[in-house]
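Input sequences plus hints: build the corresponding full structure.
Chains A and B, in that order, are what the protein sequence lines are. Numbering-wise (my numbering), the first sequence opens with residue 261 and increments by one. Numbering-wise (my numbering), the second sequence opens with residue 100 and increments by one.
You may find that some hints are simply not true.
Unchecked claim - Interface residues of chain B toward chain A, partial, derived using beta-carbon atoms under 10 Å:
id: 1; residue: Thr-155
id: 2; residue: Val-183
id: 3; residue: Arg-260
Claimed, not checked - Derived pair list, reagent style BS3-like, types lysine-lysine, alpha-carbon separation capped at 27 Å:
id: 4; chain 1: B; residue 1: Lys-164; chain 2: A; residue 2: Lys-444
id: 5; chain 1: B; residue 1: Lys-193; chain 2: B; residue 2: Lys-285
id: 6; chain 1: A; residue 1: Lys-548; chain 2: B; residue 2: Lys-294
id: 7; chain 1: B; residue 1: Lys-294; chain 2: B; residue 2: Lys-230
id: 8; chain 1: B; residue 1: Lys-164; chain 2: A; residue 2: Lys-548
id: 9; chain 1: B; residue 1: Lys-230; chain 2: B; residue 2: Lys-160
As the list claims (entries may be wrong) - Which bits of chain A does chain B cover? Going by a derived footprint, with three or more residues having C-beta under 8 Å, they are:
id: 10; region: 396 to 404
id: 11; region: 437 to 448
Hints are computed from structural coordinates only; laboratory data are not their basis. For glycine and all other residues, C-beta sits at the position ideal for the given N, C-alpha and C.
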Amino acid sequence: MISEKQTDNLELRRKKEKFFFTLFNICGLIVVLLLVIFVGYVVIMGISAMSWDFFTTTPGVGMRSGGIVTPLIGTVYLMGLVALFAIPLGVLTAVYISEYQSNRLMGRVWKVVVGNLAGIPSIVYGLLGLAMFVTALNLGFSLLAASLTLSLLVLPIVIMASREAIAAVPQSIRDASTALGATKWQTTVHHVLPYSISGISTGIILALSRAAGETAPIMLTGAVFFMSLPPSSINSKFMALPYHIYGTSTQSYGVPSELIFGAALALLLIVLGMNLVAIVIRSTFRSKYRW
Amino acid sequence: MVTKIKIRDLNVFFGEKQALNDINLDIEENSVTAIIGPSGCGKSTFIKCLNRMNDTIRECKVTGKVILRDGTDIYDSKMDLVRVRKNIGMVFQKPNPFPKSIFENIAFAPRIHGVKNKKDLANIVEESLRKAAIWDEVKDRLDKPAYDLSGGQQQRLCIARALAVNPEILLLDEPCSALDPIATAKIEELLVELKNEYTVVIVTHNMQQAGRVSHKTAFFYMGDLIEYGDTAQIFENPKEELTERYITGRMG
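In structure tokens, the structure reads:
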């Protein structure tokens, strides 16, 4: 039988439940609020700079006027080159680790290696890029050196996301394909990759957003404070949005804040836009391949 | 009766653990052979040896010979696994269609084995679906996802998929364990039909099923082949005490 005392206990439990529920709600609310304040602040401060001219003219003298076309183009080039280097390398590495690496110990080693690569601070990647690409490989202070450095930086993100997406494909589907006489490569190309494409592309987009926003590695490998023209080749120096924001806000005097926040808003739009693309890709492929 | 598959001294190890001990068995052509036994007796492991699906499992080692009618040993080191699996189709416990359309599910295998002509592919798809007795149910929605089908239909789709590369042998690993009795009855009917063209080996934990569809039955216990003979004899007059205990429900 349940005694009086235990019923009292019930009352206490109800109170506790209510307390913690409220606590969790508050925590959640704070996070949402922070995001709203943060994005809202950038939008309010930068929206007045938004105009066609802002996106199509080069920064003026001392950055105190003009637009962001040079750093914008630099960032787009950077993202394109990072995509070119990091996607094939990252996705194929993930395929190798999850489909071809049959040794259980090596699988775990790979996981640790990739996890640790992801944890290396970006400034260290910058130093590595400076030593390896700029100096040792003699690529110079260039778009190529910077994008190779950024590719290394985002590679673990691509690998980890791809690996998870590939692992989510049920073994039974691989078995079905193998039992029909498909080779491992045919199984990978016709089944595993198509079914995991939504997770893989989410990882790729995350990686590209990261590449778009990084400042430290490109400062050391090819980004410059000011150029009047967009980079003419992969061997030339370039301007990029995050470094431009850093430069205008700390290295230059009297830059109107709307120009700085305008650049920040542009960067935010690129990143949020990419996330939107990721959501669309994910929902498209989710409904196409479901099990 | 002609022997289609000769299994000789087959041993299977998972790491240190031995899963099958010295199995010797002759499987007859164009008949249904049932493999029965309690859970963990090695019956699924055994059937997976017949198309080398065990190769995909880490730490699995197989010794012995599995010789087909034409004299080739599928464990010969020079054996091409793609050829082995093309000739020996398999259907799994849980229906596992590809998350694609019904048509694409069937067309995949012929395509990877070199059929390119669209008309040929369409013919193969229709013929395979007819053989698996599911054509009438799906002919109007070949472009619909396979996952829209019921469990029983999915399993017949998987049988059709296996038939699409024209194998000689069809292996089924507890194909009805996830299905209701009506869907099960349809598959059993189908198996009896299929044996005219294919050599069928079916693992089942359902003894009535073995009795209904098979010509010969093998009883496995703890990795050993205890008894093998005509299904009627195994069920009515088992020679081994273990077999009798199992089929009368006093074990397993």
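Was the hint right that Arg-260/B lines chain A, CB cutoff 10 Å?
Given a least distance of 7 Å, the restraint on Arg-260/B holds.
For the hint on Val-183/B, does the least C-beta distance to chain A fall short of 10 Å?
holds (8 Å)
Need the status of pair Lys-193/B, Lys-285/B: alpha-carbon distance at most 27 Å?
holds (16 Å)
Coverage criterion applied to the region 396 to 404 of chain A (partner chain B; beta-carbon cut 8 Å; 3 residues)
With 0 residues in contact (Cβ-Cβ under 8 Å with chain B), the coverage given for the region 396 to 404 of chain A is violated.
Hint check: Lys-164/B vs Lys-444/A, CA-CA at most 27 Å. Holds or violated?
Status holds; Cα separation ~24 Å.
Status of the hint placing Thr-155/B at chain A (closest C-beta pair under 10 Å)
holds (6 Å)
Mind checking the alpha carbons of Lys-548/A and Lys-294/B for me, to see if they're no more than 27 Å apart?
violated (36 Å)
Quickly compare the C-alpha distance for Lys-294/B and Lys-230/B to 27 Å and report which way the hint goes.
holds (11 Å)
Taking only the CA atoms, is the gap from Lys-230/B to Lys-160/B under or equal to 27 Å?
violated (35 Å)
Are there three or more residues in the region 437 to 448 of chain A whose C-beta lies closer than 8 Å to some C-beta of chain B?
holds (count 8)
Holds or violated: Lys-164/B to Lys-548/A, with C-alpha atoms at most 27 Å apart:
violated (43 Å)
Checked against the numbered hints listed earlier, the structure breaks hints 6, 8, 9 and 10; every other hint is satisfied.
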